[in-house]
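There are 4 protein chains.
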Amino acid sequence: MSDAHAVLRVVCHDRPGLVADVAGLLFRLGVNVVHADQHRDAELNTFFQRLEFTVGRDAASGPGRRQFTDEVGRACEGWKMQWKLRFRDEQQRVAILVSKRGHCALDLLQRHRAGELGCEVPFVVSNHPDLGEEVTRRGYRFVCEPMAVGGKAAQEARILDLLAREKIDLVVLARYMQILSPSFVEAWPEKIINIHHSFLPAFAGAEPYRQAYNRGVKLIGATSHYVTKDLDEGPIIAQDVDDVSHREAVSDLERKGRDLERVVLAHALRCHLEDRVIAYGKKTVVFD
Amino acid sequence: MSDAHAVLRVVCHDRPGLVADVAGLLFRLGVNVVHADQHRDAELNTFFQRLEFTVGRDAASGPGRRQFTDEVGRACEGWKMQWKLRFRDEQQRVAILVSKRGHCALDLLQRHRAGELGCEVPFVVSNHPDLGEEVTRRGYRFVCEPMAVGGKAAQEARILDLLAREKIDLVVLARYMQILSPSFVEAWPEKIINIHHSFLPAFAGAEPYRQAYNRGVKLIGATSHYVTKDLDEGPIIAQDVDDVSHREAVSDLERKGRDLERVVLAHALRCHLEDRVIAYGKKTVVFD
Amino acid sequence: MSDAHAVLRVVCHDRPGLVADVAGLLFRLGVNVVHADQHRDAELNTFFQRLEFTVGRDAASGPGRRQFTDEVGRACEGWKMQWKLRFRDEQQRVAILVSKRGHCALDLLQRHRAGELGCEVPFVVSNHPDLGEEVTRRGYRFVCEPMAVGGKAAQEARILDLLAREKIDLVVLARYMQILSPSFVEAWPEKIINIHHSFLPAFAGAEPYRQAYNRGVKLIGATSHYVTKDLDEGPIIAQDVDDVSHREAVSDLERKGRDLERVVLAHALRCHLEDRVIAYGKKTVVFD
Amino acid sequence: MSDAHAVLRVVCHDRPGLVADVAGLLFRLGVNVVHADQHRDAELNTFFQRLEFTVGRDAASGPGRRQFTDEVGRACEGWKMQWKLRFRDEQQRVAILVSKRGHCALDLLQRHRAGELGCEVPFVVSNHPDLGEEVTRRGYRFVCEPMAVGGKAAQEARILDLLAREKIDLVVLARYMQILSPSFVEAWPEKIINIHHSFLPAFAGAEPYRQAYNRGVKLIGATSHYVTKDLDEGPIIAQDVDDVSHREAVSDLERKGRDLERVVLAHALRCHLEDRVIAYGKKTVVFD
Numbered sequence: 004m005s006d007a008h009a010v011l012r013v014v015c016h017d018r019p020g021l022v023a024d025v026a027g028l029l030f031r032l033g034v035n036v037v038h039a040d041q042h043r044d045a046e047l048n049t050f051f052q053r054l055e056f057t058v059g060r061d062a063a064s065g066p067g068r069r070q071f072t073d074e075v076g077r078a079c080e081g082w083k084m085q086w087k088l089r090f091r092d093e094q095q096r097v098a099i100l101v102s103k104r105g106h107c108a109l110d111l112l113q114r115h116r117a118g119e120l121g122c123e124v125p126f127v128v129s130n131h132p133d134l135g136e137e138v139t140r141r142g143y144r145f146v147c148e149p150m151a152v153g154g155k156a157a158q159e160a161r162i163l164d165l166l167a168r169e170k171i172d173l174v175v176l177a178r179y180m181q182i183l184s185p186s187f188v189e190a191w192p193e194k195i196i197n198i199h200h201s202f203l204p205a206f207a208g209a210e211p212y213r214q215a216y217n218r219g220v221k222l223i224g225a226t227s228h229y230v231t232k233d234l235d236e237g238p239i240i241a242q243d244v245d246d247v248s249h250r251e252a253v254s255d256l257e258r259k260g261r262d263l264e265r266v267v268l269a270h271a272l273r274c275h276l277e278d279r280v281i282a283y284g285k286k287t288v289v290f291d
Numbered sequence: 004m005s006d007a008h009a010v011l012r013v014v015c016h017d018r019p020g021l022v023a024d025v026a027g028l029l030f031r032l033g034v035n036v037v038h039a040d041q042h043r044d045a046e047l048n049t050f051f052q053r054l055e056f057t058v059g060r061d062a063a064s065g066p067g068r069r070q071f072t073d074e075v076g077r078a079c080e081g082w083k084m085q086w087k088l089r090f091r092d093e094q095q096r097v098a099i100l101v102s103k104r105g106h107c108a109l110d111l112l113q114r115h116r117a118g119e120l121g122c123e124v125p126f127v128v129s130n131h132p133d134l135g136e137e138v139t140r141r142g143y144r145f146v147c148e149p150m151a152v153g154g155k156a157a158q159e160a161r162i163l164d165l166l167a168r169e170k171i172d173l174v175v176l177a178r179y180m181q182i183l184s185p186s187f188v189e190a191w192p193e194k195i196i197n198i199h200h201s202f203l204p205a206f207a208g209a210e211p212y213r214q215a216y217n218r219g220v221k222l223i224g225a226t227s228h229y230v231t232k233d234l235d236e237g238p239i240i241a242q243d244v245d246d247v248s249h250r251e252a253v254s255d256l257e258r259k260g261r262d263l264e265r266v267v268l269a270h271a272l273r274c275h276l277e278d279r280v281i282a283y284g285k286k287t288v289v290f291d
Numbered sequence: 004m005s006d007a008h009a010v011l012r013v014v015c016h017d018r019p020g021l022v023a024d025v026a027g028l029l030f031r032l033g034v035n036v037v038h039a040d041q042h043r044d045a046e047l048n049t050f051f052q053r054l055e056f057t058v059g060r061d062a063a064s065g066p067g068r069r070q071f072t073d074e075v076g077r078a079c080e081g082w083k084m085q086w087k088l089r090f091r092d093e094q095q096r097v098a099i100l101v102s103k104r105g106h107c108a109l110d111l112l113q114r115h116r117a118g119e120l121g122c123e124v125p126f127v128v129s130n131h132p133d134l135g136e137e138v139t140r141r142g143y144r145f146v147c148e149p150m151a152v153g154g155k156a157a158q159e160a161r162i163l164d165l166l167a168r169e170k171i172d173l174v175v176l177a178r179y180m181q182i183l184s185p186s187f188v189e190a191w192p193e194k195i196i197n198i199h200h201s202f203l204p205a206f207a208g209a210e211p212y213r214q215a216y217n218r219g220v221k222l223i224g225a226t227s228h229y230v231t232k233d234l235d236e237g238p239i240i241a242q243d244v245d246d247v248s249h250r251e252a253v254s255d256l257e258r259k260g261r262d263l264e265r266v267v268l269a270h271a272l273r274c275h276l277e278d279r280v281i282a283y284g285k286k287t288v289v290f291d
Numbered sequence: 004m005s006d007a008h009a010v011l012r013v014v015c016h017d018r019p020g021l022v023a024d025v026a027g028l029l030f031r032l033g034v035n036v037v038h039a040d041q042h043r044d045a046e047l048n049t050f051f052q053r054l055e056f057t058v059g060r061d062a063a064s065g066p067g068r069r070q071f072t073d074e075v076g077r078a079c080e081g082w083k084m085q086w087k088l089r090f091r092d093e094q095q096r097v098a099i100l101v102s103k104r105g106h107c108a109l110d111l112l113q114r115h116r117a118g119e120l121g122c123e124v125p126f127v128v129s130n131h132p133d134l135g136e137e138v139t140r141r142g143y144r145f146v147c148e149p150m151a152v153g154g155k156a157a158q159e160a161r162i163l164d165l166l167a168r169e170k171i172d173l174v175v176l177a178r179y180m181q182i183l184s185p186s187f188v189e190a191w192p193e194k195i196i197n198i199h200h201s202f203l204p205a206f207a208g209a210e211p212y213r214q215a216y217n218r219g220v221k222l223i224g225a226t227s228h229y230v231t232k233d234l235d236e237g238p239i240i241a242q243d244v245d246d247v248s249h250r251e252a253v254s255d256l257e258r259k260g261r262d263l264e265r266v267v268l269a270h271a272l273r274c275h276l277e278d279r280v281i282a283y284g285k286k287t288v289v290f291d
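Protein chains in written order, with our numbering: chain R, 4 to 291; chain S, 4 to 291; chain L, 4 to 291; chain E, 4 to 291.
Errors might be hidden in some of the hints.
As the list makes no split between identical chains, a pair holds if one copy fits it or if it spans any two.
[As the list claims (entries may be wrong)] DSSO-like, lysine-lysine: derived pairs with alpha carbons at most 30 Å apart:
1. Lys286 with Lys232
2. Lys87 with Lys155
3. Lys259 with Lys87
4. Lys155 with Lys83
5. Lys83 with Lys232
6. Lys103 with Lys87
7. Lys259 with Lys194
8. Lys286 with Lys87
9. Lys103 with Lys83
10. Lys259 with Lys103
11. Lys83 with Lys259
Derived by calculation from the structure, the hints in this document are not laboratory data.
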């Protein structure tokens, strides 16, 4: 039995002595902090901290781990902190949702296969059958849940059921072209990551590359964000842009955009999986 | 008397043989093409071309130049082209308008002084006196035209009068924080360049850095565009962005933004002065 | 039988009238120029031009195409131009060479499958068996040519033989970790594209990410270039960089670098396949 | 008498409990930590930390400040840490050295005037008289120390003397085109910041833009670094790049490069002045 690696994130109202309090707690618990980062939103007077540490073999598993977690939780709650503690060996289970365009979903599978993402990917769900062959030939399970069978409410119910049965921790919308219902979104707070194919808040809504072309912008972008009830308004995790010129047709913007979308979504997903993101209001802290 | 350098830009409905027609004309007129670039908007079926060339001493000045211009004009009109011919030695006269924040205006003066911009800058106008000392100590004329004296209409009339008297070719709004009236804008079509301190169309309107901060974007931008009656909707000439993180306050965004604004405005101005920009509808062709 | 799309590239010593000559020739041949771009290396007095056009049904195929090509060739040679004419429907055949790291090769296959590259990819060759399963499950042929069988000279001979039999037009080294012999390289001038995992000329040679880490640079890069006898010295087609910080270990640089390598190599390959690149000396013209 | 703002930086061999030790010390001393960041070089097993905090009025000035500093120092030395404590109100005095090209030096003056740099700039020194008028008309002192008077050793001695008399804390080489002697450099360890006009380690030495042009790179860069005895080998603080194409002559690279140099040098200087940089070996930690 060896050491375990864990990440603790805390959020609370700021006050003097917080850093010393948390550092002292972890020291008393015998952990070795390998990385610590913090942030203070001066306008809201809110304190955010992320601590990455190793715990010795006693606390690394079984009852020791439960006891360790209890002690951390008791202290944090005493300090009126919101807290999340995750051990790295508890890999998150990620469901990928996609429609017809596979570039993001297949890219995530390739990164997963290459060991770039520390998570499990038990299946890919789509409302269309088109990507079935590409997904299964890569060795992943493909689930087709078409809208036509019983309408949108029934389709979402089947997907929610699948997510529950498969003990999914996170949903990634890898160009899933359906708007999730508010009840779906509310059931998965800060647990649905979307890639929008524009530099939000510019060109929210449908066909952003066409909008960008018509407006004549000189840069196009992609934005990965948590999904909330307000479409394209969720907290942004990552964004990037690329140059375009008058020479480029809508199809060129789409092609360039695919590279942006792939990289931005994969980056946002990695940040989430490494517990680097804390969403608050419409914003995020993304520790690097 | 030596050779002269000129740029011809043409726009017309596309048809076969256009490139050969124009190339043949210039060859017959004895010019040496040093650079040619063209573009076709496939959706509008419109053809755009920019030709940079040298003309021999006969056509380089005086009556020869007028005759050369006439022949080019006659041919282009015969082909139903819009055309503009400009000789490089006819430097454009540029008026800089600014309010209180001098970073863009002073940067343009520094570039002008260093010979980076091929134009004349006879004066800087402001609706506030604040930058007078900084401008004049650099050796430039400063004109203060406050709103308070007679109201906005009177102030604009005084500025328009000044532009006319000084034979100004182009107006640069280098963080001029007043909205020009529609009649001012219409009198100067494609002859007013603005710098907007956001990545348009995101965060149009007032206080874009505050808007960007509140939205939690991960990149901020700057946009230089021609001014039209529709605020922040004019054809975009240049844009750029820079990364921001949760650590950065509004004041940090403003500071980073100043560097973006300076570089984007100077780039757009250079493109205009080198006759590289053709605006059409809400878009531009920017030949590189 | 419909129209055909073609690209003509010419290089020659610069002289007045060149643009008109070429434009006139194409007009007489009845083509419709859809894009033209040119460049002049002022230091070498060399002229480069790329013309993209459609030819009518008479010249689009069979004897008409041969006759068209002959006429273009005759004219260009009369003008002492180097010239290359390629019809778009004659897809190039591209061989991908790879060693153990598949990120670039698999990415190219995914782009090929998605129709992003206008070429044929008859096979992937590797000096190791590792990627065989990944390549074949995507429906592509995998050829393993290990060094161990007969040594390097024999291995290269087998690959050269394969390239000849399969009528390959272009070789892409997608992280092929062997140095090709000078005789191999000379047999494929400007027909081998490599991706080097650094911002050349910085960190040429082995383990560039380790070199970059040790030097403490704040940006890492990737460079795609034609392969010449001088290692890492061939004409550069495309480069890009990404930020890195003190937080990132060599393995992080490698991960970020994989994204750079994929995008830069794909971009360089597309430019080559669209006949946008003209190499001369150690440099390239890359028309956009 | 109000609170004071201070930054403590520590470097030491890594060991468990370090974070708790430092946090506990600062808590006992009654400071309020407003920002903390840390880094661990895993290969060297070295720990780096930067803490930004406010101290109450007792410790903010006079004997209280000295006593506070002593207590911090005693604790850090007990823990075998290298440490530096600086109060923000003790502005650093910065000397700008320049030769003939003023774009970086004048840009720093403009930023200083705008309040962007929290430092004093008592003078600008040059080995040429050319920039005297531009500097003095902006209201700064200009000192000309030509090489011709007594040779290089004498010139450096005069500059060193000036730096000492003026109690200078930091020297900025803003395109100072002379190589400082090893004895000068050794007298100012990690206190001389240079801007090199290339993406180091590419194109070290003279005329980097010409080198970049000749090599045909597709990006040019600028690098700001501490000066050490090994030319262009000092620890890098900041780098950035911009695209270039075959169209751009050496003079275009120089013009684009000037914008890069300005921004990169100003950024590096700000990082230094805010005590964000810790150099070690050939590398730096730059806390953001």
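> Does the structure break any of the earlier hints, and which numbers would those be?
Replying inline: 2, 4, 6, 9 and 11
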